[in-house]
Structure formats: C-alpha cells, structure tokens
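**Student:** Here's the letter readout for the chains.
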Amino acid sequence: MKKSSIIILLTLTIISCKDVINEIPQNPFQTTPYNFNYNTSLLPPPRIPADNPITIEGVQLGRMLFYDPILSSDSSQSCSSCHNQKNAFTDNNQQFSVGVEGTIGKRNSMAIFNLMWHIDGFFWDGRSNLLRHQAIEPIIDETEMNETIDHVITKLNRSSLYKENLQKAFPETTFNEEIIGKALEQFMLSIISSDSKFDRVMLGLESFTDEEKTGQVIFNSEAITLQNEVDPNNPQNFGADCFHCHGNSLFMRREFLANGLSDNGDKGLGGVTGDPRDDYKFKTTSLRNIEKTAPYMHDGRFKTLEEVVQFYLSDMNASSAVDLSNSPNLHALKDSVYLSPEHKKALVAFLKTLTDESLLTNEKYSSPF
Amino acid sequence: MKQTIFIITSIWFLSATTGCTTETPVKNEVSTMDVSINYMFDASNFELNKEYTLPSKEEVKFSRISYLLSNFYLIDENNFKITLNDQYLYADIGTSKTQLTLTNIPKGVYTGIGFSIGLDSNTNHGNPNIYATNHPLSPINNSLHWNWKGGYIFTAIEGKTLADNESFIFHLAGAMNRVDIELAHPFTKGDDALHAELIYDVKELFENPEVYNIKTDGSSTHNVSDTVTLKLFGNMNDVFTISNIGNL
Chain E
1 MKKSSIIILL
11 TLTIISCKDV
21 INEIPQNPFQ
31 TTPYNFNYNT
41 SLLPPPRIPA
51 DNPITIEGVQ
61 LGRMLFYDPI
71 LSSDSSQSCS
81 SCHNQKNAFT
91 DNNQQFSVGV
101 EGTIGKRNSM
111 AIFNLMWHID
121 GFFWDGRSNL
131 LRHQAIEPII
141 DETEMNETID
151 HVITKLNRSS
161 LYKENLQKAF
171 PETTFNEEII
181 GKALEQFMLS
191 IISSDSKFDR
201 VMLGLESFTD
211 EEKTGQVIFN
221 SEAITLQNEV
231 DPNNPQNFGA
241 DCFHCHGNSL
251 FMRREFLANG
261 LSDNGDKGLG
271 GVTGDPRDDY
281 KFKTTSLRNI
291 EKTAPYMHDG
301 RFKTLEEVVQ
311 FYLSDMNASS
321 AVDLSNSPNL
331 HALKDSVYLS
341 PEHKKALVAF
351 LKTLTDESLL
361 TNEKYSSPF
Chain H
1 MKQTIFIITS
11 IWFLSATTGC
21 TTETPVKNEV
31 STMDVSINYM
41 FDASNFELNK
51 EYTLPSKEEV
61 KFSRISYLLS
71 NFYLIDENNF
81 KITLNDQYLY
91 ADIGTSKTQL
101 TLTNIPKGVY
111 TGIGFSIGLD
121 SNTNHGNPNI
131 YATNHPLSPI
141 NNSLHWNWKG
151 GYIFTAIEGK
161 TLADNESFIF
171 HLAGAMNRVD
181 IELAHPFTKG
191 DDALHAELIY
201 DVKELFENPE
211 VYNIKTDGSS
221 THNVSDTVTL
231 KLFGNMNDVF
241 TISNIGNL
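Order-wise, the sequence lines are chains E and H. Following our numbering, the residues of the first sequence are numbered contiguously, the last one being 369. Following our numbering, the residues of the second sequence are numbered contiguously, the last one being 248.
Treat the hints as calculated values from the structure; they're not laboratory data. All residues carry an ideal CB built from backbone N, CA and C; glycine is no exception. Incorrect hints may appear among the rest.
[As the list claims (entries may be wrong)] Selected chain H positions facing chain E (in silico; Cβ < 10 Å):
1. P128
2. A132
3. S143
4. W146
5. N223
One chain only, chain E, in its complex shape (with noise of 0.2 Å):
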C-alpha cells in the first residue's frame, strides 16, 4: 500500500508538472561562449546580435572561412587578402583592392575591429544594416571575390572538414547563406582593439611624451582660425577639431558624415538612399589603429597621415563636394586652419599612439591554417 501511495504521489505530481518538464529541451545544442577579454573601462559593454551569440565554436568557423580563399571563385582569394591582420584587416596599404578577375574596386578596404559598436551600418555607404549581410556581398561581388553563393555552399558541404566544424558552431546540417554570414559575422565581432598606447595611458600605465601630450591637446581643441589666432605658444589655441567626429572612446561617429572631400563620382550613403542630403556623406571611421590603415579617406586618396591633416586645415570651400554651409561638423574647419608645423606633427605623434600591436599580431585574429 505504501509502495502503490508512492507511486501515485510520483504520477500525480509528474502531471501536474508536465509544463515545466516539456520545457526541457529534448536535445539541447551545445556550444561554449565566447569571452571577450578587454578591459570594460575602455571600450563599451559588449553588443551581441540577440539571434547570433558569439560562441567560441562560431568564431572558430568563421575564422576559417574568413582566411580560406575558397569563398573565391577560383580560390585565389579569401576575405583576409584585402583586410591583412598586419595592417589592422586593411589591403596592405592599396588604395583600391584588386578582384579575381584583376578588377579594381573603387574603394578602400576598409578596417576591421570593433564592430560590434557599429550601429548604423556597414561599408562606406552603410548599404548594409548586418555585418553577416556586409560579409556576404564581397563574395558575389564580381570586382571582388567574384563567386556565387550556391558555389561556395556546395564546396563548403562537400568538405569534411568544414562540415565538422558546422555541426561544433551551429544546429544546421549543411551550409546555407545564413550560416556562412552569421559565422564571419561571429568572427569579425570577435575582433577587438583596446591595447594601444592610449588605452594604457588611460589605465595609468604609460604616459604620453611631451610631444604626444601636445597632440592630445590638438585632437581635442577647436579649431581657430588665423584671425583668431591669440597666443601662439599655447596649443589649445590651435585645434585640430578631430575629437567632434572622432571622440568617443572608439574613435569614430556613428553617423555618416560628409567631410569635405572634393568630388569623384562617389555620392556614398546618397547613392544608396538616393536622397540629397545624404549626398557625400560616408562612414565615420575609427581612429584607432590609423597609423596602420593608409591609405585614407573612402577612395583612398592620401597616402599618409600628414596628408590628411594638411586636408582638414586646408581651404575646404575651394574643393569640397558638398556646400559645407549644409555641414555645421565643419563649421569651424570650413576656411584654413592655422596649425603650425610642430603642432601638426604632434597630432601625427597623437594619432599614432592609437596603434594596438596586440591587434596586429593576436594568433586568435590570425590564420588557422
């Protein structure tokens, strides 16, 4: 009788329980997450697409397919031949990338770290609003790696190698498009940079140099045009203005900004939104890491960093592609800035303190091959 009780007591409250039981799941997918080790204090916390977390095995294949050429259509090419690690995943300093085919693109290649902080899009139009998205498009992009994504599925699910390494990363079976971005997706948010010389100063690990102190100062001051000019011997009278579009701790602005280029037949984020006012505009970029990411600017057209500082002191209402009256984050750069040559060199010395080496040459970022 006490047996029989038992066993009632069981089933009935196994029934009266069934709901939570069937919440169980019958076959739970196993994967292990990924840890991003960089210090909180310096970059925001992590943000991860809610539909494809970052797990060491997702990484791990996209890591695989990121430097595998065979994403090309005749495995020439793989996604790191234009975005070496040595060169913070720019093209080795090509101002335009070169396809399969020998076609030049018409654009720079551009970096690629902490991109998990991108929020309004990727490419320097922003045509595409997911990085699993931006991932696929140079694969089947005929200037570039010039394959079909039906191909590059069929490859992958003839690879034994690559089917093991599916089954470790994701629920599927075979490859898809889905799978093939989301796992370069995974990959390249993996990749972060927050161990330059700035970053240490700002722990109170390192200090500046003078020189580096002086071109902090410079970054971070407004810009004053020579009429303005006060004291000379004091630097905070000679901005450079840098810190309006690039001062948050990423270096960089979520919004596509129109600069003050001239212009080249490239119309940018207008070109994809066909609206006026979007005209020029192009993606803020990060300053991290610049010192190893010439060429600059969206097509590339200087080729050092000296250059560029020369541009945004220069006469920009003689060139500028854009009515710069339209663009008040130029207000104060639209006529010629005074900065003189000790003090360009400063910045120069500033902005290369944003070099991470660790980036450069992290094994996790490199080949698995």
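Based on these hints, arrange chain H on the given structure of chain E.
**Tutor:** Relative to chain E, chain H alone:
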C-alpha cells in the same frame, strides 16, 4: 490508515499543483509613465530643414537639435520630490528619439514633474564606456560626448542662416550650466500607466528672456562659459511646457 494516506495524498497533490502553477500577478504599487515630446516653433509644428524666422528676424533652417534630460522627479501633493533615479532621455528631433518611459512611478496624487536639461557633474564626467550602445548616455548612441571624460554636450543646435548661407553650431555643455525644469500639472497615478505630453518650443531658445541674434551674438560655441553658451542656456528655462498628463 487509508484516511491518513488519502489526506497526505491530497495535500501532496495540492502543493505539487500549486507549486507548478503560474502565480496571478499582484498589482504593482509602481508603474510607468510614457513621456512624449512634441516640437513647436511658436504656434507651428517644428521640423528640421524648414525655414523659420527667429525673433531676431534672422531666417534660418535647423539641421540638428539634440539634448539630454536627467534627474526626473515627481512632486507629490505634500510638495515632496519623488526622485526617479538613473532615468535619462536622449532626444534627437532628426531621428524622432523623443520618447521615454519613466518607470517606478509610485501611486499617488501629484502636482507636477521636474527634470534637468543636462547632467549632474558626476554623471557628466564619469566613464561613458559603462553604457551599452543603446543607452541614452552612450556616446555612440547620442553623439553628444566631447571625448573620454570631458563630459557631454547637453544640447546641440545646428543649422544655417539663410541670408548669408553660413552655418551655426551651438554645442552647449558644462555641468554648472545644467537647467533644472519644474512643470506644474496636477495628476493622479493609479493602477494604469500614464502618458505625459510635453511641448518643446524651439523659438523660446532664441527669445526668452533675451532675444538671441546669431549674427551679432555668435554663430558657434563649444565653450562652457562664453556669452553664447550662457545666453542660450539662459533661454532654456521656458522651452518645455506640459500639454497633458493622463491615463493611456
């Protein structure tokens, strides 16, 4: 014996089923209040990139008006301030980020609400990297941060004057310039969520108490203590009014 087992079984069954049933939610003593802000230029709806004549008679177009609100509180019927901690609004007319849901609003009878345009000194100069990118105080989200720990721009006003096609840019900052706003409007907070509608009158910025003339007073500032900054902050006391607070 059988009776004992039956009683134990019944108690077990009841406790087991009760333990696995979702509890009926208890009505909270606190709730929410949605706040929306409508933008006006005197009696007309305000829009960016539309021509307006300032009280100084200058014709202008605005391209950006962004600001930060903080230090929200309610004033109860006994004239006590009920502070609503750690709630902020980043408002940007261009991107329609002008709505906020205030939480933890206790039930009660109130005579008005208060808030600040800008931030207290500690928040202003704290590490901005602690905020997730969708937080009102995230520099990535609001593009209203100077640099590192240099503090926030409390209000950014940008545009151009049409007569000379020259741009103006007012980046108004400085914890000492924070503008504390208090708006009287009686309302009762019961069980239901509330909705408050505020009006932000852009014309007030350039009119009250002192008419601001862009050509003569200045077309630019990023300084926390110059006359441009002080005059424009001084004109912010009456930019907000309440048009309604009621149940949703």
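**Student:** Going by Cβ atoms only, is H:A132 closer than 10 Å to chain E?
**Tutor:** 5 Å, holds
**Student:** Can the hint on H:N223 be confirmed by a CB-to-CB distance to chain E that is less than 10 Å?
**Tutor:** 8 Å, holds
**Student:** Just to be careful: measuring from the Cβ of H:S143 to every Cβ in chain E, is the smallest value less than 10 Å?
**Tutor:** 5 Å, holds
**Student:** Holds or violated: is there a CB of chain E closer than 10 Å to the CB of H:P128?
**Tutor:** Result: holds, 7 Å to nearest chain E Cβ.
**Student:** Taking the least C-beta to C-beta distance, is H:W146 closer than 10 Å to chain E?
**Tutor:** Holds: closest Cβ of chain E sits about 6 Å from H:W146, inside 10 Å.
In terms of the numbered hints stated before, the structure departs from none.
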